[in-house]
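Start from chain R and add chain D according to the hints.
Chains R and D, in that order, give the protein sequences.
Position in the first sequence counted from 1, then plus 3, gives you the working numbering.
Position in the second sequence counted from 1, then plus 170, gives you the working numbering.
Source of the hints: derived by calculation from the structure; they are not laboratory data.
Beta-carbon label-pair distances, calculated as ranges:
no., chain 1, residue 1, chain 2, residue 2, range
1, R, Gly158, D, Gly278, 49 to 55 Å
2, D, Asp241, R, Ile321, 33 to 39 Å
3, D, Val304, R, Ile321, 39 to 45 Å
Here are the simulated DMTMM-like pairs of lysine to aspartate or glutamate, each with C-alpha atoms no more than 25 Å apart in a straight line:
no., chain 1, residue 1, chain 2, residue 2
4, D, Lys507, R, Glu213
5, D, Lys539, R, Glu198
6, D, Lys294, D, Glu272
7, D, Lys349, D, Glu198
8, D, Lys294, D, Glu343
9, D, Lys349, D, Asp299
10, D, Lys601, D, Glu648
11, D, Lys540, R, Glu198
12, D, Lys283, D, Asp299
Bear in mind the structure is a predicted one, so any value in this text is a computation, not a measurement.
No residue lacks a Cβ here, since even glycine has one placed at the ideal position from N, Cα and C.
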Amino acid sequence: MSHDSTIDAKGRRRRAALDWLFHSPLALPLVGLIVVSVLMSFASDNFFTVNNILNVLRQVSVVGILAVGMTFVILTGGIDLSVGAVMALSGTVAAGLMVNMGLPGGVGLAAALLVGTGLGLISGALVAWGRMPAIIVTLAMMGIARGLGLIYSGGYPISGLPGWVSWFGVGRIGIIPVPVIIMVTVYALAWVMLERTAFGRHVYSLGGNETAARLSGVRTRWVKLAVFGISGLTASLAAIVLTGRLMSGQPNAGVGFELDAIAAVVLGGTAIAGGRGLILGTLIGAVLLGILNNGLNLMGINPYMQDVIKGLIILLAIYIGREWR
Amino acid sequence: MLELKAIRKSYGPIEVLHGVDLQVRAGEVHALLGENGAGKSTLMKIVSGIIQPSDGQIFIDGKSYSFANYDEAIAAGVGIVFQEFSLIPGLTAIENMFLARELRGRFGLLDRKAMRKRAQATLKRLEIDLPLDVPIARLSVAEQQFVEIAKALSLDARILVLDEPTATLTPSETEHLFKVMRELREAGVAIVFISHHLEEISEICDRITVLRDGEYVGSSEVADISTDRLVEMMVGRRIENSFPPKPAPDPAAPVVLEAVEVQLRRGGPVSGFQLRAGEILGFAGLVGSGRTETVLSILGEYGSARCKIQVDGKEMRLRSPADGLAHGIGLLPESRKEQGLITSFSILQNVSLNNYGKYRQAHWFIDFKKELASTQAAMDQVHVKAQGPRARVDTLSGGNQQKVVIARWLNHQMRVLIFDEPTRGIDVGAKAEIYQLMRAFTAQGYAIIMISSELPEVIGMADRVCVFRSGGIVATVEGDAITSEQIMTHATTGRVHHVA
Numbered sequence: 004m005s006h007d008s009t010i011d012a013k014g015r016r017r018r019a020a021l022d023w024l025f026h027s028p029l030a031l032p033l034v035g036l037i038v039v040s041v042l043m044s045f046a047s048d049n050f051f052t053v054n055n056i057l058n059v060l061r062q063v064s065v066v067g068i069l070a071v072g073m074t075f076v077i078l079t080g081g082i083d084l085s086v087g088a089v090m091a092l093s094g095t096v097a098a099g100l101m102v103n104m105g106l107p108g109g110v111g112l113a114a115a116l117l118v119g120t121g122l123g124l125i126s127g128a129l130v131a132w133g134r135m136p137a138i139i140v141t142l143a144m145m146g147i148a149r150g151l152g153l154i155y156s157g158g159y160p161i162s163g164l165p166g167w168v169s170w171f172g173v174g175r176i177g178i179i180p181v182p183v184i185i186m187v188t189v190y191a192l193a194w195v196m197l198e199r200t201a202f203g204r205h206v207y208s209l210g211g212n213e214t215a216a217r218l219s220g221v222r223t224r225w226v227k228l229a230v231f232g233i234s235g236l237t238a239s240l241a242a243i244v245l246t247g248r249l250m251s252g253q254p255n256a257g258v259g260f261e262l263d264a265i266a267a268v269v270l271g272g273t274a275i276a277g278g279r280g281l282i283l284g285t286l287i288g289a290v291l292l293g294i295l296n297n298g299l300n301l302m303g304i305n306p307y308m309q310d311v312i313k314g315l316i317i318l319l320a321i322y323i324g325r326e327w328r
Numbered sequence: 171m172l173e174l175k176a177i178r179k180s181y182g183p184i185e186v187l188h189g190v191d192l193q194v195r196a197g198e199v200h201a202l203l204g205e206n207g208a209g210k211s212t213l214m215k216i217v218s219g220i221i222q223p224s225d226g227q228i229f230i231d232g233k234s235y236s237f238a239n240y241d242e243a244i245a246a247g248v249g250i251v252f253q254e255f256s257l258i259p260g261l262t263a264i265e266n267m268f269l270a271r272e273l274r275g276r277f278g279l280l281d282r283k284a285m286r287k288r289a290q291a292t293l294k295r296l297e298i299d300l301p302l303d304v305p306i307a308r309l310s311v312a313e314q315q316f317v318e319i320a321k322a323l324s325l326d327a328r329i330l331v332l333d334e335p336t337a338t339l340t341p342s343e344t345e346h347l348f349k350v351m352r353e354l355r356e357a358g359v360a361i362v363f364i365s366h367h368l369e370e371i372s373e374i375c376d377r378i379t380v381l382r383d384g385e386y387v388g389s390s391e392v393a394d395i396s397t398d399r400l401v402e403m404m405v406g407r408r409i410e411n412s413f414p415p416k417p418a419p420d421p422a423a424p425v426v427l428e429a430v431e432v433q434l435r436r437g438g439p440v441s442g443f444q445l446r447a448g449e450i451l452g453f454a455g456l457v458g459s460g461r462t463e464t465v466l467s468i469l470g471e472y473g474s475a476r477c478k479i480q481v482d483g484k485e486m487r488l489r490s491p492a493d494g495l496a497h498g499i500g501l502l503p504e505s506r507k508e509q510g511l512i513t514s515f516s517i518l519q520n521v522s523l524n525n526y527g528k529y530r531q532a533h534w535f536i537d538f539k540k541e542l543a544s545t546q547a548a549m550d551q552v553h554v555k556a557q558g559p560r561a562r563v564d565t566l567s568g569g570n571q572q573k574v575v576i577a578r579w580l581n582h583q584m585r586v587l588i589f590d591e592p593t594r595g596i597d598v599g600a601k602a603e604i605y606q607l608m609r610a611f612t613a614q615g616y617a618i619i620m621i622s623s624e625l626p627e628v629i630g631m632a633d634r635v636c637v638f639r640s641g642g643i644v645a646t647v648e649g650d651a652i653t654s655e656q657i658m659t660h661a662t663t664g665r666v667h668h669v670a
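Chain D extracted, bound-state conformation:
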């Protein structure tokens, strides 16, 4: 039904898909598997015409297609339900289903009756019952997802792509979704199902295809493959030589930060961890598993249900990152452009942004000489390559921008640095430099939390690893137990402890 041959996609000089094949038959649920960043979402965006491949062919029912945009893919029978929904929250289910394709009646006015009839028919076919006349913002996430699916089907989709549909569903909602998927399968729809939850694969899927780092690894019938083998296919064997050696663990090192009880959502899992001076504690898990939210709630930046922490053994409540700074806890956020840098500022101004307490004259005024000297020193310490401290940060490479964000924290008496995805979008050479820096910091006694979605990075850098799943820590592994298989198994099948 759907066949992709040797799909390649490059962004500038960087190729993210290196010739991927995929075959999906009518009336089957086909799982597309791979780690974060393996290229699944990119591939599905190509199938649905949202982005165009650099090379390769798309066949539907044996006919070759090349989609210029999403609309052309829809016309060819492709429907996609995104990870982030594309619904308009203020409109009703019917209005969303017919958005930009409204049925017109007399005088070109909306034919609301006909739209309602068509919507009801589609939902009935799926045996879905949901309120049609309230803004969909008031529906549950599962119901919104059904609206998305119904929207795709009302456009006569014969190929349906579901991008991590179960990530935010409760078990009973997932069950309902699977029922709908089975009905669609009976009706001959080809479904591409992306999920990180391996137990779901054996429950609902017929065949699988695995991607790794943008490469096609293989396909198989689900019945013919074990979970262990699946994990191995997803993780693969990789060379890990850019990481500095790990020092021997020091069990006597003091605990600088302890999360006693963190509960992100009411009714969600409660977890905690200890962070010792001089160690790198890895936070592993899938995207959306609650790693970033956990550190943000420690810093008072995320409204969690419960957050009890101790800094140096003293119970503490941080109300903002500014409080974190005062207690020596600094965050290097996930997205440098949106959360890390003031792009209209120079390097100097970015680095000194939270340092002014250190260089003041007569209490009120900035001591520009001191500002320049200490910024230059911090830049040298992390080897920022730039024309000078007054260069604009938006002219720097990703690696150098990250170093600027790091440099910001070096003029303080910091004890805890939290790196969220420290090497995202950074080239290999700069990555190695940042790893060296992190080790240099721990050698000076800093404690580091490193949130990372790249398994090799977690394995190569972390002294201990907390594995997150569904909003809580499901396991903490250390030493030789830090392996891809261990982490992936916990991240995809680990049990969370629910406490009321």
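If we strip away everything but chain R, and leave its shape as in the complex, we get:
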């Protein structure tokens, strides 16, 4: 009798686990992460070492931070193509202020954050009040930011930064790389905002049904402004990490990073039309992409071929995600 009931309890727990596996938006990205990790560990003995994993996370950090802002924007049903260019501009401006104008480092970093957030807010205002499509506004902003960065720097990297800046890119606290700590902190804050505040609920409501949200009294324009501002802010945080790693302001950095960020968001299970998705999914998506990059490198695969493989894997992942529902 008691024997039966233990089986029942076990069965129920198993069914609950299965239920979770089928219904949580995190389930599929996690399965993908595990599958890819296992494959990579077969392909290379070096994969499952603490050093390599920390290395992967460090490599992931720039795109991972960009993808946080991108998640906010995509959840509202928008898109931000300007993050790579805005990141490059922010980094270049910070470096320029420190190196060429001799301003204190704090001013440089603050300027980077201001530039990124400011450009994000401009995009947001154009989308919300100008009623222009986000894809066009941020495409234009991508060109503008990239051009401004090249003009400001004359097209050359700005190097000669004070040594402490490298702390943001390659420093460590204990064994944990600083960029990883920054990334995890950003994700934690984003999680709190999305899951625990009214603002977060409003972000989801916009992607779910903007008309209904507006008619019920949500200030939808301000929410749009805010998500693009957040995307600009995370782009400039990524810029600080990148500048620290490269020890220079690179006007040509981050080309195509917006696509990697979008890929991370989508691989993480967020609906491209908005309304559904979790910030933790984006983290998984970004790490998944990083492991792919790392693994393909360890296997010594031709970099051009790596792009093809990554593209195919994204297609496959989206297809499976669709069939799963």
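Leaving out everything else, chain D in the frame of chain R:
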């Protein structure tokens, strides 16, 4: 020419057409009449093969047909001009007329000359002159309609269905349309004409058929019937017992919302109304008469030419529904799925969507306990039947979804609730519940605006009724004057006051 016998149409268990007959002769204009939702458009979609009847027969020239799709109906000589046009705005008149039936010349390329010739010939026959080479988005609504008609005729339509063609036309454009219709009649085309404007019926039509609630009511020669009798046939006598009793009017109740001057379009009519605490003000009128646009412009959601309002006697300008919420004015929109609910959210999240100001911790964070408790309370108040507050809203019935939308407004200090078509798509039992709720709200001092296209609902619920026509209020009736005949007469023949 065209004969329909005992046409029935069901959607699932709900039958919307209960055996309708219709006979249209060659060379006549036949009016199809009935209130909103009487089944006219459904019937015409069946005639043109867009939907299939559940039962019944279609004869054309004595031959029985059953159309699987629109193309088969076209082949049999049926042409239809929809209420919403099916034209592609970016293409020219010629390109639209030959869409998907383009004439091919050498090498399979388009034979533009031949298409132009054919189009010109058709338009000339109708004595219509319109630019052929500009995108039709730049043509007037009337011209677009002529393109639709020409398109149908270029497909050799012998039976032409015009679904409310005059709804958006100016008087002179309507006159031109009638001229074209008369020419087609001479040419032996059978025309089915749907219109709510009764004076047009006597002007252009030869015979009429009336539908009511999906039933065939009768047919008659236009010459043999009076407008009064027509209205009576359309409205009928109905039992109205699901409505709670109306309280005695309180003339001393304060005016909570006054629309001083609302003008939807430049040059259109200017109108206004007063809304008192504790009353239900009905907005009646035909679809497209400007009722929804009026409330949306009050809430800053529709760009009207002019909108002057007072809330509690103070002049006010609301720039968005969020401002409306701040001043105690809430809207329960017409279409719950598209405008009311976030379908990916749970009941809880839907109800609390605009309530977060009320349950915050440390200013920024949601107090989940308070959120759950107050949502549960609001759900209980309106009797939402669901598994629990965390159930998904898209699993609920129409009535329960509407209650969720209502519940959203209950945690606020609201004074005005605007119900747009509160019982559309809701079953009878839930309807009665929603009526009870509305009365309970007015008893608590809420003022309600109820936009409704269902006359019995307006008559059963409203303390006063503003009747809309062509973008403005043409009459306000109250007390015993709220009758179907009064409302329908104003809605179909009322005069609007045009102010520059």
